[in-house]
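Working from the sequences, and respecting the hints, build out all of it.
These are the residues of each chain, in order.
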Amino acid sequence: MHIVDRRLNPGSKSLENRQRFLRRAKALVKNAVKKSSEGRDIKDVLEGGEVSIPLDGMDEPRFRREGGTRDMVLPGNKKFIVGDILPRSGQGRGRASKPGEGDSEDAFRFVLSRDEFVDLFLDDLELPDLAKRKLAQAEGEGIHRAGYATSGSPANISVSRTVRLALARRVALRRPRPEQIAELEAELADCDEDRRAGLIAEIAALKAKARRIPFIDPIDIRYRRFETLPKPVAQAVMFCLMDVSGSMTEHMKDLAKRFYMLLYVFLKRRYRHVEIVFIRHTDRAEEVDENTFFHGPASGGTLVSSALQAMHDIVRSRFRPADWNIYAAQASDGDNFGSDSEIAGRLLTEMILPVSQFFAYLEVGESDGNAFDMPDSSLWSLYERLRANGAPLSMRKVRDRSEIFPVFHDLFQRRGKQEKTAP
Amino acid sequence: MTAPSRFLFEGADWDFSTLQRIHDACEEISRSELGLDVYPNQIEVITAEQMLDAYSSVGMPLFYKHWSFGKHFAYQEAFYRKGFTGLAYEIVINSSPCISYLMEENTATMQALVIAHAAFGHNHFFKNNYLFRQWTDADGILNYLDFAKSYVAQCEERHGRLAVEQTLDAAHALMSHGIDRYPGKKKLDLRAEEKRAGKRRLHEERAFNDLWRTVPSGPAKSEALLNVERRRKLLGLPQENLLYFLEKTAPRLKPWQRELLRIVRHIAQYFYPQSQTKVMNEGTATYVHYRIMTRLHEQGRISDGNFLEFLQSHTNVVFQPDFDDQRFSGFNPYALGFAMMQDIERIVRNPDAEDREWFPEIAGTGDALAVLRNIWANYRDESFISQFLSPRLMRHMRMFHLHDDPAEIAGIRVNAIHDARGYRRLRRELARQYDVGYIDPNIEVLDVDLAGDRHLMLRHAVVKGARLSETDARRVLQHLADLWSYDVSLVEVDVTGNVLKEYVVNPRGLATAA
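First to last, the sequence lines map onto chains A and B. Numbering-wise, the first sequence is residues 887 to 1309 according to the working numbering. Numbering-wise, the second sequence is residues 4 to 517 according to the working numbering.
Calculated from the structure, these hints are not laboratory results. The beta carbon of each residue, even a glycine, is placed where N, CA and C say it ideally should be. One should not assume that every hint holds.
[Stated by the list, open to error] Under 10 Å between C-beta atoms, here's a sample of chain A residues computed to sit facing chain B:
(1) 892
(2) 899
(3) 906
(4) 956
(5) 959
(6) 963
(7) 967
(8) 968
(9) 969
(10) 972
And the structure:
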């Protein structure tokens, strides 16, 4: 009998089959991910989790029979006698499940890992591949190979390097090879007397030398060296500003939420610690939790400056620009009181933009009609003017999920430039 | 046995030498007392995750890649992670050496149970049952799977993943109809053929009578009829092994596609005996583990505490809920098989008048194991139940027979219960539930219109009014048509020859292979 320990074999033998399954069910799973991400909080977008997809199209058909007269033998008779008639529904529940029919469900539930979920989530936003790679790429841990060292832990011994050095040393010191000794010993076995003494001396000398020069000497041993990479202090705060006055519909809010999610995913990849601040505003602004932010009812006029002021106050009290990377994303349908433009513009250019890494403005619209028909709203024209004067703003009009990405395009480009100029 | 303690193990912990000791102790009992004849054992210890992996490739250690296995994996995993289902304690593979997978989290008692169950019970059954001997090649299966895996991978590389996937999808849909149900003719070698010809000639010479020449022969068959007969004979029709038929005769399949069909067909054939011997296979293994564990306890090699732990697991395994219990999902093959084998042991050793009347050949013969070994070797579920289910066991399990005729508006009739009038009927009906002839729909290739549009004709012989489920049938036929690459039709015909329904399906264009 053999006992084989398979526990150390590489796991996840099914991974490839699983990927094939996901690829095949892509459209369905994508839909499920979309539905699932609508229902979850921004911070949970990276969690992965259970999704359920309809079985249709994923089933494996077989010839099956149904109907007809059925005969079955069952255990556990209590009171029946021959000739009894049992009603079909209700009372006769015991016979309801025929073996083999129990596992046909109309929905198929399974769990997606975090990476699979994010991948599909990004896919749904129709990101170009390059951006997806940038986003989805988990950053390597801060440790990497850095040559060899003469000291280290035994686990890190580099066998090939050690053996190579030992070989070089043995060659240099002319350590006799075992074959050489064996050859002489063979000669010794059948030789005449006068040669014998010489041979014995020679063998003894060689053996002594072999003993003196070890096969592997401690000085040969090399260890693989690892270095840790210093990581920059990485924390970011993300401000979500949103107009919640009556004119914002559910569709608009959903667009905004997707944008925030994407921004969160992006920041999460870049920074170890990401805070989110939700500020909603009508003609007054207030900081709220996520649920209220997206679902809480509110009414009133629209004063954008109130939100900007609130953000400014929060930055000043809690997030020192020297310690935090500040990102802000504002979503609105574009309405604003005409008289507010002046104040909002000044707040933005003087207080907020100087301390922010990135400020995006997303003007959301209904999904019908196309973006070019939208007349420039008051807020849009204000920001347009600021941008013309050189303010670093990203702004887009968005009616559909697929239009969200271009805003990020700006973001990536900006980062690219910054990285170049940074020392 | 050089164990320091007289127990094989103590407590729940085990290591490899414990497994070795358990195996050796089981082997001794199984050989000397039970007279089992087994393949050499290979015991593999695996983790829960690996067990899940094994689940999704139908329990085999290696398998080709296909999305459907990924689907099963995702399904199983979701259920397991939520705690709805536990994992099996073991998986055993009908191969030589016989591989048993043991989960690492089993306790020592469980490992002993599992070794006795899988490495001796199932193993003996695999090696000796006639169905397995006839249909499976235990020595070759792992090599064959290895070949299949690399062949599929090669095909994917050469002909594109999509084309391979489509072919496999289609083959899987027809898998249940890719089985030879009867052993084929043995091919005679030339010398034997010559001998037979000689014998025939001798017989003709001896039986020569000129009178026969004068007997008028029947009306000559028309040429058209002869042609049809000749064609059907050439194509080997009627043919119920659809995959075989496609592999050999589908006009436009590429050679690699034929090979894929062949692989799927071989694997289906390999599992064919298992589906026919669930009750017997599990019953045998359960009976064997029960005997071995009890004996080990009698010998004082398992402590009382561990033995109680064993009894608890054993009782769970052979638990049979009643039909009106929430947990009921048909007969538990472990329970039915184990109960029948214990019953047979009783009949052989200690029969009463009823047993002598019902089982005159075995009642009171004394050597229970000889009888059981004979049964294990020569029966399958259907024949086993129809011959050895005793009235006493029917009474004990309180069996009854329901007859559900849709034409009967009032409801379902109780046709037989466990009384003198019902025993034979119960037994016949229960045996029929395990008869593959009744479980799988009977579908065969009837003819091919070779002179015309090459359209393939199939027939489903409807039994007891059970028709094919329409959506599934259409999907399967679609796959079939894709492989055949011309129209396919299927008629459902009842016993009197009335056509109940006809399906016609046109092939889709498959992804063309490069």
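Each hint tested on the structure:
{"no.": "1", "hint": "892", "result": "holds (5 Å)"}
{"no.": "2", "hint": "899", "result": "holds (4 Å)"}
{"no.": "3", "hint": "906", "result": "holds (4 Å)"}
{"no.": "4", "hint": "956", "result": "holds (4 Å)"}
{"no.": "5", "hint": "959", "result": "holds (4 Å)"}
{"no.": "6", "hint": "963", "result": "holds (4 Å)"}
{"no.": "7", "hint": "967", "result": "holds (6 Å)"}
{"no.": "8", "hint": "968", "result": "holds (6 Å)"}
{"no.": "9", "hint": "969", "result": "holds (7 Å)"}
{"no.": "10", "hint": "972", "result": "holds (5 Å)"}
Against the hints set out earlier in the document, no violation occurs for any number.
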